[in-house]
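Quick mapping for you: the protein sequence lines, in order, are chains A and W.
Just so you know, we're using the UniProt record's numbering here: the first sequence kicks off at 1 and counts up by one.
Just so you know, we're using the UniProt record's numbering here: the second sequence kicks off at 1 and counts up by one.
Please note that a few of the clues may not be correct.
[Unchecked claim] Sample of chain W residues facing chain A (criterion: CB under 7 Å; computed from the structure):
hint	residue
1	G37
2	E40
3	D69
4	S70
5	R74
6	T102
7	E105
8	G107
9	L108
10	L110
Treat the hints as calculated values from the structure; they're not laboratory data.
Idealized CB from N, CA, C, for every residue including glycine.
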Amino acid sequence: MRASRHAAPASLPIGSDADLAWVRQQVRQAAAELGFGLVQQTKLVTAASELARNTLVHGGGGHVEITPLDAGPSPGLRLAFVDAGPGIRDLDQAMTDGYTSGGGLGLGMSGAKRLVQEFEVDSRPGEGTRVTVTSWATVVPPTRPGS
Amino acid sequence: MTGPSGNGPFGGPGFTVPVLRLGDILLVTLQGELHDGMAEQLQQDITDRIAHTRVTGVVIDISGVDIVDSFLGRVLAEIAAGAGLLAARTVLAGMRPAVAITLVELGLTLPGLRTALDVERAMELLTAGERQAEGSP
Ligand SMILES: Nc1ncnc2c1ncn2[C@@H]1O[C@H](COP(=O)(O)OP(=O)(O)OP(=O)(O)O)[C@@H](O)[C@H]1O
Ligand SMILES: [Mg+2]
Numbered sequence: 001m002r003a004s005r006h007a008a009p010a011s012l013p014i015g016s017d018a019d020l021a022w023v024r025q026q027v028r029q030a031a032a033e034l035g036f037g038l039v040q041q042t043k044l045v046t047a048a049s050e051l052a053r054n055t056l057v058h059g060g061g062g063h064v065e066i067t068p069l070d071a072g073p074s075p076g077l078r079l080a081f082v083d084a085g086p087g088i089r090d091l092d093q094a095m096t097d098g099y100t101s102g103g104g105l106g107l108g109m110s111g112a113k114r115l116v117q118e119f120e121v122d123s124r125p126g127e128g129t130r131v132t133v134t135s136w137a138t139v140v141p142p143t144r145p146g147s
Numbered sequence: 001m002t003g004p005s006g007n008g009p010f011g012g013p014g015f016t017v018p019v020l021r022l023g024d025i026l027l028v029t030l031q032g033e034l035h036d037g038m039a040e041q042l043q044q045d046i047t048d049r050i051a052h053t054r055v056t057g058v059v060i061d062i063s064g065v066d067i068v069d070s071f072l073g074r075v076l077a078e079i080a081a082g083a084g085l086l087a088a089r090t091v092l093a094g095m096r097p098a099v100a101i102t103l104v105e106l107g108l109t110l111p112g113l114r115t116a117l118d119v120e121r122a123m124e125l126l127t128a129g130e131r132q133a134e135g136s137p
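Excised from the complex, chain W in its bound form (with noise of 0.2 Å):
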């Protein structure tokens, strides 16, 4: 019953969540309509992505998705925890104004899940943190 794993297309029939590997970076693309089964499938796939590759970092472009609750926001979360106990560590990218807005009234803020305007600031947040864990300029 389970789903394709290691370097298969992630999703269900007709759809699919791009997964590049750049360098040491996993860059995952969330588009539009993600159905909770998904959601589910996604996380086990990204994780076991990220023990068989190694990978030091995820970013997680989600500029495409129009809306998140709280499943998709946990689903979010649970991808992040996992990735960090495998060493790597995750960075939400592109999160839409109106998403932001909603979430923060949903009561949804995701601690513990950094974030950046867009994919490129998040590689730069991922390669600028290999040189120290927490720099303060």
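Only chain A is shown next, with the shape it has when bound in the complex (with noise of 0.2 Å):
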């Protein structure tokens, strides 16, 4: 048996670009330590950083809280992208590839979404919004003993 969670989750603030490195530094870490495969890691990071961008650009700034979940059989990652701005009108319309208020491409939310195995928006208008993700490590056998 594993221990259970990890204690508490650890909270990064997203006001910058500078923060913005910080929290893929920290993601990828944490996703390198729970054993994430080097793709499993390269996409959840990338969406991290989508994600992370859109709470700075469109949020107006916030915080993450990356919680380890290594209670299951297989190790997870879970990450909330929280910010108290304008929040998302049309849900709909904001996960459609292509659709951007500004000047991005449109891929940051859709495409998130591709690269993960659970999201969930919660975003009321006036109040802001939160996205939470979460991906699995890929289960892999383990060595063989005595190799």
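The two chains are supplied separately, each in an independent frame; assemble them into the complex guided by the hints.
Here you go:
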């Protein structure tokens, strides 16, 4: 039996370009420690980069909560991007490939969703946005003993 | 407020993007964490450099880059588009397999950006291309 969940999620601020870089590094490190493979790590870090940038650019800044999930059969990592910005009025539109309210490519939300296993948006106009994503490390068969 | 232009190192404080001129080709090596502001500065600096040196090709080596998101992808595409307007062709070299897999899923396939497996092949592509615009052997 593995130990249960880590004590508390880590919370990192998202208020600048440098914070985005730091969030990417911390997500990468947490995923690597949980045993995520390289492709899984890269997908999750890329999704995190998109969502953190949305928190910064569209949400006016906020924070991310990083929660390792290691109680289940496969370790996972949950990331919640939180801001108190304008919120998303039309979620279907925001999730559409190519839709952007600014000068982006409009791939951040829809692309991030494809890169993770679980994706949830909680947003209220005028109150803010919380996007929660979870990825699970692929279960790798243990290496043969005695080799 | 603008950063270094011309011949200085690119990027913000404590961060440089090495740029080497090899004949008619500019070799740009991206490594590690590129902040959004640095990426935009880089775009401007490369375009300036092409205009001043009149190189005909640009190779951007991204073998040291561990993620490309939609922001960096857009910057790379815009660098290539800007270079194209200045009559220089751009080849993206050395993308890591995990990055390629992720970009496809993200939905960013970078049409219009030529790629090569490594810098050497990228240089070959550019020198070969000088003789014929679109040759198919
Ligand atoms: N945290 C947020 N707060 C408010 N609006 C948001 C937030 N995140 C996304 N949106 C809205 O959803 C739209 C789509 O987001 P998405 O990330 O897909 O595209 P983008 O950020 O405009 O461009 P890209 O990410 O491709 O550069 C945004 O243009 C914005 O209107
Ligand atoms: Mg976005």
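Here's how the hints hold up against the structure:
Using the Cβ-Cβ criterion of 7 Å, the hint placing G37(W) at the interface with chain A is satisfied: the shortest such distance is roughly 5 Å. Hint status for E40(W): violated, given a least beta-carbon distance of 10 Å to chain A, over 7 Å. Interface restraint check for D69(W): the shortest CB-CB distance to chain A comes to about 4 Å, inside 7 Å, so the restraint holds. A distance limit of 7 Å between C-beta atoms decides the matter here; for S70(W) the minimum to chain A is near 5 Å, and the interface restraint holds.
Because the closest C-beta pair between R74(W) and chain A is about 6 Å apart, less than 7 Å, the hint holds. With 7 Å as the threshold, the beta carbon of T102(W) comes within range of chain A, its nearest partner Cβ sitting at about 5 Å, so the hint holds. With a cut of 7 Å, the hint placing E105(W) at the interface with chain A holds, because the nearest CB-to-CB distance is about 5 Å. Given hint, G107(W) at the interface with chain A, holds; its Cβ is 5 Å from that chain's nearest Cβ, closer than 7 Å.
Of the supplied interface hints, the one on L108(W) holds, with its beta-carbon coming within about 6 Å of a beta-carbon of chain A, less than 7 Å. Here the hint on L110(W) is broken, as its CB sits about 11 Å from the closest CB of chain A, past 7 Å.
Taken one by one, the earlier hints fail for this structure at numbers 2, 10, listed in ascending order.
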